Amino acid sequence: MKILVCISHVPDTTSKINFVNGDSEFDTNGVQFVINPNDEFGLTRAIWFKEQQGANVTVVNVGGPDAEATLRKALAIGADEAIRVNAVPTDGFFVAKQLAEVVKNGNYDLVIAGKESLDYNGGMVPGMLAALTGSDFINSCIGIEVNGTSVKAVREIDGGKETLSANLPLVVGGQKGIVEEKDLRIPNMRGIMTARTKALTILEPVAAENNTKAVKFEKPAPKTAVKLVSPDNLDELINLLHNEAKVI
Amino acid sequence: MSILIYAESAEGKFKKVAFELASYAKKVAEKMGTTVTAVTVNASDVSALSKYGVDKVLKVNNDKLAAFNAKAYADVIKQAAQKEGTKVVVLSSTTDSLYLAPLVAVGLNAGYASNVVALPESTSPFTVKRNAFSNKAFNITEVTTDVKVIGLAKNSYGLVESASSATEEDFAPSLNDADFSIKVENVEKVTGKVTIADAEIVVSAGRGLKGPENWGMIEDLATVLGAATACSKPVSDLGWRPHSEHVGQTGKPVAANLYIAIGISGAIQHIAGINSSKVKVVINPDADAPFFKVADYGVVGDAFDVVPKLVEKLKEFKAHNS
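Protein sequence lines, in the order shown, are assigned to chains S and X. All residue numbers for the first sequence refer to the UniProt record's numbering, where the first residue is 1 and numbers rise by one. All residue numbers for the second sequence refer to the UniProt record's numbering, where the first residue is 1 and numbers rise by one.
Treat the hints as calculated values from the structure; they're not laboratory data. From a predicted model like this one, the values you see are computed outputs, not experimental measurements.
Calculated pairs, SDA-like style, for lysine to any residue (alpha carbon to alpha carbon, straight line, at most 20 Å):
{"no.": "1", "chain 1": "X", "residue 1": "278", "chain 2": "S", "residue 2": "218"}
{"no.": "2", "chain 1": "S", "residue 1": "213", "chain 2": "X", "residue 2": "118"}
{"no.": "3", "chain 1": "X", "residue 1": "64", "chain 2": "X", "residue 2": "12"}
{"no.": "4", "chain 1": "S", "residue 1": "161", "chain 2": "X", "residue 2": "192"}
{"no.": "5", "chain 1": "X", "residue 1": "189", "chain 2": "S", "residue 2": "163"}
{"no.": "6", "chain 1": "S", "residue 1": "213", "chain 2": "X", "residue 2": "125"}
{"no.": "7", "chain 1": "S", "residue 1": "182", "chain 2": "X", "residue 2": "234"}
{"no.": "8", "chain 1": "S", "residue 1": "152", "chain 2": "X", "residue 2": "67"}
{"no.": "9", "chain 1": "X", "residue 1": "278", "chain 2": "S", "residue 2": "242"}
{"no.": "10", "chain 1": "X", "residue 1": "315", "chain 2": "S", "residue 2": "231"}
Based on the sequences and whatever the hints tell you, model everything.
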C-alpha cells in the first residue's frame with residue numbers, strides 16, 4: 001500500500017499569535033513550528049500500517065524551505081520519503097491543487113491529511129483534494145483499517161460515531177482518535193540520523209488559482225477583567241448569569 | 001441569484017442551526033438585494049423556515065438519502081445552487097456540513113471561507129471575518145471567485161426572526177450511483193444526553209476534581225442546567241472521562257452560550273478550544289489560575305464546596321423561574 005500523508009507546518013500550540021506588515025502577515029519571529037497535530041495523528045497511523053501490514057509512507061508539504069525541518073521530523077518518526085512543493089500556502093484550493101498533482105503522479109492508495117490545520121483553520125484541503133482527484137473521502141476519521149482494497153473507517157459525528165465501509169483509493173481527514181495522544185512518537189536518535197539520508201524531493205508548483213485571499217488579521221479585543229463572586233454568595237453568581245449575561 | 005442555504009434536519013426535523021443559517025442568509029440577501037432559498041433533504045414539514053426569512057424551499061425527498069452521505073448531499077446542494085443561479089451558498093459548521101462543504105466548493109468552482117463569524121464586511125469585493133489560529137485571532141478573507149461558499153461558525157450569529165411566505169417546490173436532483181460508494185454500516189449515537197455540539201451550556205471539569213468518582217456533582221450541575229458535560233485533556237488522557245468529552249485545541253471545539261470550567265487551570269490549548277463560547281465562568285481554588293484571565297465570572301473556591309452549593313441554589317432558581 002502506498003500512503004501519502006499531507007503535513008502542514010504550523011506554529012506550536014503554545015505560540016503567542018502576533019501579526020506584522022500592517023497586520024497582513026503572521027509574525028514568525030520566535031515561533032516554534034511543528035507538524036500540525038491533526039496531521040501527526042494521521043502520520044502515526046500511517047506508520048502503524050507500515051509496521052503492521054507493510055506500506056510505503058510519503059509525507060508532503062506545500063511550503064517554503066523553512067518547512068523542511070518539519071518534514072525531516074516526519075521522516076525521523078518513520079516516513080520513508082518526503083516531498084515539498086515549493087510554494088507559499090496562502091489558499092486552501094491552491095494547496096489542494098498542488099497536492100492533487102502529487103497524488104496523480106504518485107498513484108497513492110491512501111491519502112491522509114489532518115481535517116484542519118491549527119493556523120488558518122480552513123478545514124478544506126482534504127475534501128478539495130478528494131474532489132480534485134475523484135477519490136472517495138472520509139472526514140473526521142477516528143479509526144481506519146485496510147484489508148486488501150477494502151476499508152472500514154469510523155467517523156466522528158455530532159453526539160457519536162459512525163462506521164463506514166469504503167474502497168481504496170481514499171482520502172481521509174484525520175484527527176485525534178485515528179491514534180491517541182499517547183501513541184504519538186518522539187523521534188529517537190537513530191530515526192533522526194536515518195532521516196538525514198532519506199529522500200526529500202522539491203517540486204515546483206503547478207499553475208493554480210487562489211480562490212481566497214487573506215486581507216488582514218485582527219486580534220480579539222482585550223478581555224475585560226473577570227468579575228469575582230464569593231463562594232459564600234453564589235446567589236449573586238446566579239443573578240449575574242440570569243440578569244446580566246442572560247445565559248440561564 | 002438567490003442566496004442558498006442547506007437547512008439540515010435530523011429525523012425529519014430541522015436542527016436549530018438551520019434557522020441560524022436562514023437568519024444570516026436573510027441579512028446577506030438584503031445587502032445584495034436578493035432572496036433566500038433553502039434546500040432540505042427528507043425534512044417533513046418545512047414551514048418553520050418562513051419564520052426566519054426564507055423565500056423559497058427546494059424540498060428533496062429521496063430514500064437513497066436516508067443516511068447522510070457527503071458526496072451525494074454535496075451533489076444535491078450543487079444542483080440546487082445551479083438551478084437557482086446562486087452566487088453565495090451558506091453552510092453550517094456541523095460535522096456533516098464541514099464534511100460536505102469543500103466538495104460543494106470544488107463542484108461549483110467556488111472559493112470557500114469557513115469559520116465565518118459575522119456578516120460580510122463588504123459584498124463587492126466579498127470579504128468576511130473568520131476565526132483563525134484556533135480562536136486566537138480573526139482573519140479577514142476575500143473570496144475572489146464568482147460563486148462563494150460561506151461556512152458559518154457555530155453560534156456566531158444567532159436566531160433573528162423575519163416572517164416571510166416561503167414557496168415550496170419539490171426538487172429531484174439526479175443522483176449518481178458513484179456518489180454512494182461509501183456505505184454507512186453502523187451509527188452509535190448518545191441518546192437522552194445533551195451533546196457538546198448541540199449544547200447551549202457546557203459544564204466542564206479538570207484534574208482539580210481529583211478522580212473520576214467525583215463527577216457526580218458535575219453531572220448534577222449539568223442536569224439542572226440542561227447542559228452537556230466535558231473535560232480537560234489530562235482528564236481524558238488519564239481515562240477518568242471518555243475521549244469524546246475532551247474539549248480543547250486537539251479535542252472538540254466548544255462554542256456554547258455558557259461554559260463553566262471547574263478545576264481547570266486554563267492551559268492555552270484548552271482556552272483555544274473553548275474561547276468561542278460567549279460567557280465563561282471559572283471555579284478554581286487558585287486565584288492565579290490562567291483561566292481567570294479569560295473568564296467573565298469567577299469563583300475562587302474549592303469545587304467540592306462550591307459545586308454542590310451551586311447545584312442546590314440553581315434548583316431553587318429553576319423552581320421559581322420555569
